[in-house]
Amino acid sequence: MTIPKRTVAVLVFDQVEVLDFAGPFEVFSRTRLTPGLDARKSEDSSPFDVFLIAEQREPVVTIGGMEIMPKFDFATAPPINVLVVPGGWGSRALLDQPTVIHWIKRTASTAIVTCSVCTGALLLAKAGLLQGRRATTHWGAYDALEDIDPTIRVKRGARLVHDTIITSAGISAGLDMALSVVDILHGMPIAED
1 MTIPKRTVAV
11 LVFDQVEVLD
21 FAGPFEVFSR
31 TRLTPGLDAR
41 KSEDSSPFDV
51 FLIAEQREPV
61 VTIGGMEIMP
71 KFDFATAPPI
81 NVLVVPGGWG
91 SRALLDQPTV
101 IHWIKRTAST
111 AIVTCSVCTG
121 ALLLAKAGLL
131 QGRRATTHWG
141 AYDALEDIDP
151 TIRVKRGARL
161 VHDTIITSAG
171 ISAGLDMALS
181 VVDILHGMPI
191 AED
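In terms of the numbering used here, the sequence shown opens at residue 1 and continues consecutively.
The set of hints was computed from the structure by calculation and includes no laboratory data. Be aware that a few hints might be false.
[Stated by the list, open to error] In silico DSSO-like links for lysine-lysine, alpha-carbon gap of 30 Å or less:
#1 Lys5 / Lys105
#2 Lys5 / Lys41
#3 Lys5 / Lys71
#4 Lys71 / Lys105
#5 Lys155 / Lys105
#6 Lys71 / Lys41
[What the hints assert, rightly or not] Pair by pair, the computed Cβ-Cβ distance ranges are:
#7 Gly157 / Met69: 33 to 43 Å
#8 Asp38 / Ala93: 41 to 51 Å
#9 Arg153 / Pro59: 33 to 43 Å
#10 Pro189 / Gly64: 27 to 37 Å
#11 Arg159 / Glu26: 16 to 26 Å
#12 Pro150 / Leu33: 40 to 50 Å
#13 Trp139 / Pro4: 30 to 40 Å
#14 His102 / Gly36: 37 to 47 Å
#15 Lys41 / Pro4: 18 to 28 Å
As the structure is a prediction and not an experimental result, all values here were calculated from the model. Ideal Cβ placement from N, Cα and C applies to all residues, glycine included.
Work out the full structure: start from the sequences and follow the hints.
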C-alpha cells in the first residue's frame, strides 16, 4: 500500500552550490517509513515526492559547471509542502529578482516547512520571512544577512537554527537541516534510519 506523499520542492538556479541542493534532495528522496535497506528498493513507504524547481524549466548550470534540469517551473509546480532554498554564488543575483523573491514568499506562506541551506537564508530574508527571527547562514554571509534585515538575530557559528523557519550553515549543514525536517515530520527513528 502506498502512502500519500508530501511534496518537497528544492529551488535551483544558475550558480547554485551542488551539495546545498543535492544533499537535502538525497535525504528526502531516500527517506522511508519502513526501516531497513530493503525498503529503499521500493517507493511504497517513501513519505516524500521530491523535485527540483526553477523560475523557468530550462537547464541550470551549478557551481562547478554541472548542468541540471528542473522538473517544474514556478507556473507548473504542484502545491508545495516543504520548500528548500539552497545557496551558492547565484543566490546573490536572485536578491534583485522580484519574481523569485515573491515566489519564495508566496510558496512559504502555504508550505508546512520552509528551510534554507547556506546563503539561501539571504533569499528568505529578502522575502521578509526571517524578520525578527533567529537564523544562520554560511559564515561568509553573516554580515550580508544582517544588512538585508537588521531585525534578524544572526546566530554566528550555528550549524542549524529552527525558529519557525529552519536555516542552516554552509554546504554539508544542509544534510543536518533535511534530517531535522524528517525528524519533525516523521520522528527521530525515521531520521536515524
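For each hint, the structure was consulted:
1. Lys5 / Lys105: Holds - the C-alpha atoms of lysine 105 and lysine 5 are around 23 Å apart, at most 30 Å.
2. Lys5 / Lys41: holds (17 Å)
3. Lys5 / Lys71: Holds, because 17 Å separates the two Cα atoms, which is no more than 30 Å.
4. Lys71 / Lys105: It holds: about 21 Å lies between the C-alpha atoms, which stays within 30 Å.
5. Lys155 / Lys105: Answer holds: lysine 155 to lysine 105 is near 22 Å, not above 30 Å.
6. Lys71 / Lys41: Since the Cα atoms of lysine 71 and lysine 41 sit roughly 22 Å apart, the hinted pair holds (cutoff 30 Å).
7. Gly157 / Met69: 33 to 43 Å: For glycine 157 and methionine 69 the Cβ distance comes to about 36 Å; the hint holds.
8. Asp38 / Ala93: 41 to 51 Å: Taking Cβ atoms as reference, aspartate 38 and alanine 93 lie about 44 Å apart, which means the hint holds.
9. Arg153 / Pro59: 33 to 43 Å: Because 38 Å falls inside the window, the suggested range holds.
10. Pro189 / Gly64: 27 to 37 Å: This hint holds: roughly 35 Å between Cβ atoms.
11. Arg159 / Glu26: 16 to 26 Å: For glutamate 26 against arginine 159, whose Cβ atoms are near 18 Å apart, the range 16 to 26 Å holds.
12. Pro150 / Leu33: 40 to 50 Å: holds (42 Å)
13. Trp139 / Pro4: 30 to 40 Å: holds (39 Å)
14. His102 / Gly36: 37 to 47 Å: Holds - the Cβ-Cβ distance for histidine 102 and glycine 36, about 43 Å, lies within 37 to 47 Å.
15. Lys41 / Pro4: 18 to 28 Å: For lysine 41 and proline 4 the Cβ distance comes to about 21 Å; the hint holds.
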